[in-house]
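Below are the chains, spelled out letter by letter.
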Amino acid sequence: MGGLSFDWVGVLSGDPLKWLELGVLTTLYVTLAGSLLATLIAVLLLGLRISQERIVQWPAVAVIEIFRNTPLLVQILFWYFAGFGLLPAGWRAWINDDHSWAMLPGGVGLLTPEFLAATWGLGIFSGVFIAEEIRAGLMAVSPGQREAALSQGFGHWRCLAYILLPQALANSWQPVIGQYLNLMKLSSLATAIGLAEITYQVRQIESYNSHALEAFAVGTLLYLAIGTAMGQVLLRCGPRRGTMVRGGKRHGP
Amino acid sequence: MIEFRDVHKFYDKLHVIRGIDLSIARGEVVVICGPSGSGKSTLIRLVNQLEPLSRGDILVDGQSVASSRGRALRRLRSQIGFVFQQFNLYPHLTVEQNITLALRKVLGVVPEDATVRAVELLDRVGLADKRFAYPAQLSGGQQQRVAIARTLAMRPKILLFDEPTSALDPEMIGEVLAVMRELATSGITMVVVTHEMGFARELADRIVFIDQGVILENDKPVDFFLSPQHPRARQFLRQLLSPLHTAND
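So the sequences go chain by chain: A and B.
If you read the first sequence in our numbering, its first letter stands for residue 86, the second for the next number, and so on.
If you read the second sequence in our numbering, its first letter stands for residue 8, the second for the next number, and so on.
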């Protein structure tokens, strides 16, 4: 045989298989933790951004612009090498200690500088985008909705909570799903700070037994599988757009 | 019930309401009409502060609108029903939820009572069978009737209508006017901005004609239709009654 031959056993058995399993778990954990953090940050930033007080709007704008317009790789490297160093010495020592309670199933450490920096970096980067997607969805809600709510005696925040945000979320759900999927895929950048996720493990296999083609093929398929599953789940738990179409037509659920 | 005292409204330099004095008694049905851009919609939007006043004041049941803020303003608004030209139903909620939302979240009515009230009102506007439908599944006339039911659910002291039939196809105007007729005879205070002169003639206690932000006529319907004093009112009526034959007059 000529150039192209495959040896899947070299990737899907022994140590390489164990590494891949650990990689998948790490990717899943950092995606989950990052998504939760991104959601929290998005809610906070959105709240500040659409507040009626100028004085809280501009810090939110500053944060959004900084994290939206700089590369995520640089941000992750910054948090890992510079940000971590800025923490009080006591905290750093505590994080670097062994914590058996912070060990997730499968042997992934939650309280490690790599996991924390990756989660934080992914969370803030994606949170900023999600906040802006939802704000765009909010601006697409007709001004009459707010007027109707005000005329019934709703205040600013209740009007947002019950009338404007549900519609904004439905408007922006597709792009928001895209942001969560991006977060999962961008977690591969955390390989640069040594987080042992899928990409890191694939490269380790490659340097261990030179099965580059097989290793990267498996890695790619793993991302594909996780992404497809995640997209389906998010699509199902999102608001149903079908009932909200303006102009009389109603599309399927 | 509603008293306008030297009311002015500016949009930047544009002076759209120029010193309006008008008082509306409890139970009165007042129709406000006038050419497009005359300020009639702005005038009723000032009553519940959808637009802030630039000068003057409006008293609603003795309460100054200009100085109402925060909780007092929200309370005032919850007592003034407003029906919009574009219905503005909440598209993410069912018909029933559209009616009960503010009842529960603004007035604090318990869910069971709110539902009872919604069912009663849907029956009153002839849409009992649409309780679980979404607004997008209804015709324009049905949506406007739901919007009226939503407004009535709050048991308002005053109802304001901002061209409630102008966005409707002609064959749906009747069903909305029928609901409004029933309201007009029920004794509630109503201020209606409309071009429906049939409604005005039959049901209004008074017709206020506005042009360029000032009141030009303030009469009983008989007087307004039979002997309008102001030339602009006469021209307006001519255009409404025979739109094809006024261009060269």
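No lab work stands behind these hints: they were computed from the structure.
Treat each hint with caution, since some may be false.
Here are a few chain A residues that face chain B, going by a calculated C-beta distance under 7 Å [said to hold, decoys possible]:
{"no.": "1", "residue": "Pro156"}
{"no.": "2", "residue": "Ala221"}
{"no.": "3", "residue": "Ala225"}
{"no.": "4", "residue": "Pro228"}
{"no.": "5", "residue": "Glu232"}
{"no.": "6", "residue": "Ser236"}
{"no.": "7", "residue": "Ile248"}
Glycine included, every Cβ here is placed at the ideal spot set by N, Cα and C.
### Message
Does the closest beta carbon of chain B sit nearer than 7 Å to the beta carbon of Pro228 (chain A)?
### Response
At 9 Å from the nearest chain B Cβ, Pro228 (chain A) fails the 7 Å test, so the hint is violated.
#### Entry: Interface hint status, Ser236 (chain A) versus chain B (Cβ within 7 Å)
Cβ of Ser236 (chain A) sits 4 Å from chain B, so the hint holds.
### Task
May I ask you to test the interface hint for Glu232 (chain A) with respect to chain B, counting a Cβ-Cβ separation under 7 Å as satisfied?
holds, 6 Å
### Message
Checking hints one by one. Is Pro156 (chain A) an interface residue toward chain B, by the C-beta closer than 7 Å rule?
### Response
violated, 37 Å
### Message
Given a cut of 7 Å on the nearest C-beta pair, is the interface hint for Ala225 (chain A) held or broken against chain B?
### Response
violated, 12 Å
### Supplied contact hint for Ala221 (chain A), tested at 7 Å Cβ to chain B
Not OK, violated: Ala221 (chain A) not within 7 Å of chain B, min 17 Å.
### Evaluation of the interface hint that places Ile248 (chain A) against chain B, nearest CB under 7 Å
Because about 6 Å separates Ile248 (chain A) from the closest Cβ in chain B, which is inside the 7 Å limit, the hint holds.
Of the numbered hints listed earlier, those contradicted by the structure are 1, 2, 3 and 4.
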